[in-house]
Amino acid sequence: MEISFTEKDLEFRDEIRSWIKHDYPKHIKEKQDKGEVLTKEEVIEFHKALAAKGWMGYNWPAEYGGTGWTSTQIYIFQKEFGLAGCPNILPFGVSMVGPVIYTFGNEEQKKRFLPDILNFNTWWCQGYSEPGSGSDLASLKTKAVREGDDYIVNGSKTWTTLAQHADWIFNLVRTETTEKRQEGISFILINMNTPGVEVEPIITIDGAHEVNAVFFTDVKVPVENLIGEEGKGWTYAKFLLAHERFGIAVVGASIRQLSKLKQLVAELDNPDLERKVKELEINLSALEMLELRLLSDLENGGHPGAESSILKIRGTEIQQRLTELFVEASGEYALIYPGPHGHLANSKPSGPDHAAKSLSKYLNFRKASIYGGSNEIQKNIISKMILGL
Amino acid sequence: MNLNFSDEQQMLRDQVQKFCESDYTFEKREEIIKSGEGFNRDFWKQYSELGWLSLPFKEDSGGLGYGPVELSILFEEFGKVLVIEPYLSTVVLSGTIIDHSSFDRRIELIEGIISGDKHLSLAYIESNQNFDHSDPKTSASNQGDNILVNGKKSLVLNGGNANHFIVMVTLDKECALVLIDKDQAGLSLNQYPTVDGQTCAELTLENVSITNEAIIAQGDEAKRLLDEALNLATLCISAESIGCMTACYLQTVEYTKSRQQFGQPISNFQVLQHRMVDMFIETEMCKSLLYKAMLECDSDEDTKAQSVSALKYQVGTAGKSVSQQAVQLHGGMGVSDEMRIGHYLKKLVAIDALFGNADYHLHKYSK
Numbered sequence: 490m491e492i493s494f495t496e497k498d499l500e501f502r503d504e505i506r507s508w509i510k511h512d513y514p515k516h517i518k519e520k521q522d523k524g525e526v527l528t529k530e531e532v533i534e535f536h537k538a539l540a541a542k543g544w545m546g547y548n549w550p551a552e553y554g555g556t557g558w559t560s561t562q563i564y565i566f567q568k569e570f571g572l573a574g575c576p577n578i579l580p581f582g583v584s585m586v587g588p589v590i591y592t593f594g595n596e597e598q599k600k601r602f603l604p605d606i607l608n609f610n611t612w613w614c615q616g617y618s619e620p621g622s623g624s625d626l627a628s629l630k631t632k633a634v635r636e637g638d639d640y641i642v643n644g645s646k647t648w649t650t651l652a653q654h655a656d657w658i659f660n661l662v663r664t665e666t667t668e669k670r671q672e673g674i675s676f677i678l679i680n681m682n683t684p685g686v687e688v689e690p691i692i693t694i695d696g697a698h699e700v701n702a703v704f705f706t707d708v709k710v711p712v713e714n715l716i717g718e719e720g721k722g723w724t725y726a727k728f729l730l731a732h733e734r735f736g737i738a739v740v741g742a743s744i745r746q747l748s749k750l751k752q753l754v755a756e757l758d759n760p761d762l763e764r765k766v767k768e769l770e771i772n773l774s775a776l777e778m779l780e781l782r783l784l785s786d787l788e789n790g791g792h793p794g795a796e797s798s799i800l801k802i803r804g805t806e807i808q809q810r811l812t813e814l815f816v817e818a819s820g821e822y823a824l825i826y827p828g829p830h831g832h833l834a835n836s837k838p839s840g841p842d843h844a845a846k847s848l849s850k851y852l853n854f855r856k857a858s859i860y861g862g863s864n865e866i867q868k869n870i871i872s873k874m875i876l877g878l
Numbered sequence: 093m094n095l096n097f098s099d100e101q102q103m104l105r106d107q108v109q110k111f112c113e114s115d116y117t118f119e120k121r122e123e124i125i126k127s128g129e130g131f132n133r134d135f136w137k138q139y140s141e142l143g144w145l146s147l148p149f150k151e152d153s154g155g156l157g158y159g160p161v162e163l164s165i166l167f168e169e170f171g172k173v174l175v176i177e178p179y180l181s182t183v184v185l186s187g188t189i190i191d192h193s194s195f196d197r198r199i200e201l202i203e204g205i206i207s208g209d210k211h212l213s214l215a216y217i218e219s220n221q222n223f224d225h226s227d228p229k230t231s232a233s234n235q236g237d238n239i240l241v242n243g244k245k246s247l248v249l250n251g252g253n254a255n256h257f258i259v260m261v262t263l264d265k266e267c268a269l270v271l272i273d274k275d276q277a278g279l280s281l282n283q284y285p286t287v288d289g290q291t292c293a294e295l296t297l298e299n300v301s302i303t304n305e306a307i308i309a310q311g312d313e314a315k316r317l318l319d320e321a322l323n324l325a326t327l328c329i330s331a332e333s334i335g336c337m338t339a340c341y342l343q344t345v346e347y348t349k350s351r352q353q354f355g356q357p358i359s360n361f362q363v364l365q366h367r368m369v370d371m372f373i374e375t376e377m378c379k380s381l382l383y384k385a386m387l388e389c390d391s392d393e394d395t396k397a398q399s400v401s402a403l404k405y406q407v408g409t410a411g412k413s414v415s416q417q418a419v420q421l422h423g424g425m426g427v428s429d430e431m432r433i434g435h436y437l438k439k440l441v442a443i444d445a446l447f448g449n450a451d452y453h454l455h456k457y458s459k
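Protein sequence lines correspond, in order, to chains F and L.
490 is the number of the first residue of the first sequence in our numbering; add one for each residue after it.
93 is the number of the first residue of the second sequence in our numbering; add one for each residue after it.
Derived by calculation from the structure, the hints in this document are not laboratory data.
Hints are not guaranteed to be accurate.
[As the list claims (entries may be wrong)] With a straight-line cut-off of 20 angstroms between C-alpha atoms, the simulated SDA-like cross-links for lysine to any residue are:
(1) 459/L to 611/F
(2) 349/L to 877/F
(3) 873/F to 352/L
(4) 518/F to 577/F
(5) 456/L to 850/F
(6) 599/F to 611/F
(7) 244/L to 298/L
(8) 137/L to 107/L
(9) 850/F to 824/F
(10) 767/F to 455/L
(11) 767/F to 396/L
(12) 110/L to 98/L
(13) 459/L to 808/F
(14) 751/F to 459/L
(15) 459/L to 532/F
(16) 599/F to 556/F
(17) 120/L to 285/L
(18) 751/F to 457/L
(19) 456/L to 760/F
(20) 523/F to 877/F
(21) 767/F to 456/L
(22) 632/F to 712/F
(23) 856/F to 806/F
(24) 873/F to 360/L
(25) 456/L to 576/F
(26) 873/F to 363/L
(27) 751/F to 808/F
(28) 396/L to 768/F
(29) 412/L to 431/L
(30) 459/L to 504/F
(31) 765/F to 412/L
(32) 767/F to 450/L
(33) 765/F to 455/L
(34) 846/F to 669/F
(35) 669/F to 712/F
(36) 709/F to 641/F
(37) 765/F to 310/L
(38) 523/F to 842/F
(39) 709/F to 744/F
Chain F extracted, bound-state conformation (with noise of 0.2 angstroms):
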């Protein structure tokens, strides 16, 4: 039983570090440690960043343009991003449907999407969750009709994250109605700008525009879209929520809010709080372990499965209780409206300067617990999967 890393893996630890120290822009670093939101420029400029220094594609094969890198380099390369503060890699593109493209995509799709995507040049969403179809997406409705060369797509999709900036999205849809719900999905690529295709805002609960409604009414998508065979499309979502494994317990972020947490609870003399926060501090130590046991156990030949929802489950509860434990430290200024109906659009009440925002970020971070397959999904993932129940 052995917990260190090889030389060569800390070796590649410092090199992620130090390039994220003096390569990285600082004003984005910056923004983000203090809370606020990212423009669509900057977005696509730390995005740009990393795709020039070669490390867009950090979770890919090498013969697809990635970096090659083995499981406990990509754990230790979005550690570190997390560590530093730095914002989320958007997943959509690069851990979403690079992935399903560069696996059941013909050479044809692979040429004209793969680069965009490690270059972002092409920003994408994902349409899966439709009003009816949330964790019952197999029920799925937006409808896909063959008409020549093109399939006529009409429908909605909904919670769609970052839509109105987005250049492409890949959808489930409907091309039959089959006895078995599953077989009758495909997966397809559209541009949003094709006619037909609308985006409407949704404002969540801390007055931010995040996520989207998208709809289409006759859209003309050309067949060379549908990626790899018509009724397949379950199979491939379904290796697509299974790719990305140790981003979701987003352990690195964490510790530096924890961190944060803590100074600015050693300043305010509550036994109450310092206990809670002592609390979260040895939960937070049990999901970094997990996580390592979980890639030793694949770095050693293993293959953890359903384990995974745990980092799920476990991450976002601990994502959520930090947010929870900055609004207790704002004490009563956790009172004022902070969205942008709120003060952030006049001038600042007094109060701590971190209230608003841990606000605003526990708002937002109900969330969590409900994207990427709801808590109580992960659950009976491992309810099946696990206790054989």
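Given the coordinates of chain F, assemble chain L onto it according to the supplied hints.
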């Protein structure tokens, strides 16, 4: 990085598991408890023959020189079937104190433990100490060539079966560990059962006369020996508690699959499924902290103590919630003493109480 167990460690687990599954049935355990002996002497002999009683001792004392990982393996498996033999008391607490000391009788005493012939008990707890044992009221005062020991010790694990006691006393204004034989004049015992089916004793010492040669360690060395033994023992019972929690969720899964209500197995109900998932997750989180504590056993004292405190806090809180859920999901059967499941709850209560409960360790962790 490799967090897998070595082949040798896996073999040890297989061996312990085999014994526990085939020999340590619930009925057998009940029989041992009813005998009032506190443990089963045939089993103890078997542990000796299998080499288990020599696991943590130095090779020059005749031991196998194993560390916390091997002990954790043993205790985790013991926890699954609720073994009641006094391994913790004799081998871990008393044995490692003697083994790590420069006591003259070290080799002889460790040999006695390894052969299974001798039991030792550590007497360090006094009433109203609130987990701080460094300033005992039990006194040892020089009287010519002899030392007279006076005082009372509480919760002496397996005290009724001990041949020797390691007693924490105050001698020349500093603490000391002294060895007292059970037959010594002035020593009296009151034995009673503990909630987990084991036994402990109250020890009263009235003008018990010992010599300088009975001093195992004094001052800082005595404190260090006690702290190290308690730290290791805390890790061991935490591993044991993880064994208990594992058994709790596995047996609850099996039970709910077989229990029919409303015309179907109650395991079909999602509200119960999610609770069993919670039990599983709690157990895995504890296991992760156990790994951390095992891996940090060679670190500096503070890191080591902190990771053990984090672990003990977590098993204290998780142990209660997991075993309470297990009882709840067994319904009326869960509160029947003739069912195994409630005995895990009792064991987990005992583990939380031993060597500092969850609150104590959260506090210690924060320091």
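Hints, one by one, checked against the model:
1. Taken as a hint, the residue 459/L and residue 611/F pair is broken in the structure, with Cα atoms around 51 angstroms apart against an allowance of 20 angstroms.
2. Annotation: proposed proximity of residue 349/L to residue 877/F holds, straight-line Cα distance about 10 angstroms (limit 20 angstroms).
3. As the CA atoms of residue 873/F and residue 352/L are separated by approximately 19 angstroms, the hinted pair is consistent with the 20 angstroms bound.
4. A hinted pair counts as satisfied when its Cα atoms are at most 20 angstroms apart, and residue 518/F with residue 577/F qualifies at roughly 11 angstroms.
5. The straight-line distance between the Cα atoms of residue 456/L and residue 850/F is roughly 32 angstroms, outside the 20 angstroms bound, and the hint therefore fails.
6. Distance restraint check for residue 599/F and residue 611/F: the Cα-Cα separation of roughly 14 angstroms lies within the 20 angstroms cut-off, and the hinted pair is therefore satisfied.
7. For the hint linking residue 244/L to residue 298/L, the alpha-carbon distance of about 9 angstroms falls within 20 angstroms, and the restraint holds.
8. In summary, the hint linking residue 137/L to residue 107/L is supported, as the alpha carbons are separated by about 16 angstroms, within the 20 angstroms threshold.
9. The straight-line distance between the Cα atoms of residue 850/F and residue 824/F is roughly 14 angstroms, inside the 20 angstroms bound, and the hint therefore holds.
10. The straight-line distance between the Cα atoms of residue 767/F and residue 455/L is roughly 9 angstroms, inside the 20 angstroms bound, and the hint therefore holds.
11. Under the criterion of a C-alpha separation no larger than 20 angstroms, the hint pairing residue 767/F with residue 396/L is consistent with the structure, at around 17 angstroms.
12. Among the hinted pairs, residue 110/L with residue 98/L is consistent with the structure: their alpha-carbon atoms are about 18 angstroms apart, no more than 20 angstroms.
13. About 25 angstroms separates the Cα atoms of residue 459/L and residue 808/F, which puts this hinted pair outside 20 angstroms; it is violated.
14. Proposed proximity of residue 751/F and residue 459/L is supported: the alpha carbons are some 14 angstroms apart, at most 20 angstroms.
15. Simply put, residue 459/L and residue 532/F have alpha-carbon atoms about 41 angstroms apart, too far for the 20 angstroms limit, and the pair is violated.
16. For the given pair, residue 599/F sits about 17 angstroms from residue 556/F by alpha-carbon distance, which is consistent with the 20 angstroms threshold.
17. For the given pair, residue 120/L sits about 18 angstroms from residue 285/L by alpha-carbon distance, which is consistent with the 20 angstroms threshold.
18. Of the supplied pair hints, the one linking residue 751/F and residue 457/L holds, its CA atoms being roughly 15 angstroms apart against a limit of 20 angstroms.
19. A distance of roughly 14 angstroms separates the Cα atoms of residue 456/L and residue 760/F; the hinted pair therefore holds under the 20 angstroms criterion.
20. A C-alpha spacing of about 45 angstroms is found between residue 523/F and residue 877/F, which places the hinted pair above 20 angstroms, so the restraint is violated.
21. A threshold of 20 angstroms between alpha carbons decides the hint, and for residue 767/F with residue 456/L the separation of about 11 angstroms falls inside it, so the pair holds.
22. Between residue 632/F and residue 712/F the alpha-carbon distance is near 14 angstroms, which keeps this suggested pair within the 20 angstroms criterion.
23. Between residue 856/F and residue 806/F, the direct Cα distance comes to roughly 11 angstroms. Compliance with the 20 angstroms bound is thereby established for this hinted pair.
24. For the proposed pair residue 873/F and residue 360/L, the alpha carbon gap of about 11 angstroms is at most 20 angstroms, so the pair holds.
25. Restraint check for residue 456/L and residue 576/F: not satisfied, since their Cα atoms lie roughly 35 angstroms apart, outside the 20 angstroms limit.
26. This hinted pair checks out: residue 873/F and residue 363/L have alpha carbons roughly 14 angstroms apart, not beyond 20 angstroms.
27. Under the criterion of a C-alpha separation no larger than 20 angstroms, the hint pairing residue 751/F with residue 808/F is consistent with the structure, at around 15 angstroms.
28. Distance restraint check for residue 396/L and residue 768/F: the Cα-Cα separation of roughly 18 angstroms lies within the 20 angstroms cut-off, and the hinted pair is therefore satisfied.
29. At roughly 18 angstroms between alpha-carbon atoms, residue 412/L and residue 431/L fall within 20 angstroms of each other, so this suggested pair holds.
30. Restraint check for residue 459/L and residue 504/F: the C-alpha separation of about 35 angstroms exceeds 20 angstroms, so the hint is violated.
31. A C-alpha spacing of about 19 angstroms is found between residue 765/F and residue 412/L, which places the hinted pair at or below 20 angstroms, so the restraint holds.
32. Taken as a hint, the residue 767/F and residue 450/L pair is honoured in the structure, with Cα atoms around 12 angstroms apart against an allowance of 20 angstroms.
33. As the CA atoms of residue 765/F and residue 455/L are separated by approximately 12 angstroms, the hinted pair is consistent with the 20 angstroms bound.
34. Restraint check for residue 846/F and residue 669/F: the C-alpha separation of about 46 angstroms exceeds 20 angstroms, so the hint is violated.
35. Distance check on the hinted pair: residue 669/F and residue 712/F sit about 24 angstroms apart at the alpha-carbon level, beyond 20 angstroms; violated.
36. With a C-alpha separation of about 5 angstroms, the suggested pair residue 709/F and residue 641/F falls inside the 20 angstroms cut-off, and the hint holds.
37. As the CA atoms of residue 765/F and residue 310/L are separated by approximately 39 angstroms, the hinted pair breaks the 20 angstroms bound.
38. The straight-line distance between the Cα atoms of residue 523/F and residue 842/F is roughly 10 angstroms, inside the 20 angstroms bound, and the hint therefore holds.
39. For the hint pairing residue 709/F with residue 744/F, the CA-to-CA distance comes to about 47 angstroms; that exceeds 20 angstroms, so the pair is violated.
Violation of the numbered hints given earlier is confined to hints 1, 5, 13, 15, 20, 25, 30, 34, 35, 37 and 39; the remaining hints are satisfied by the structure.
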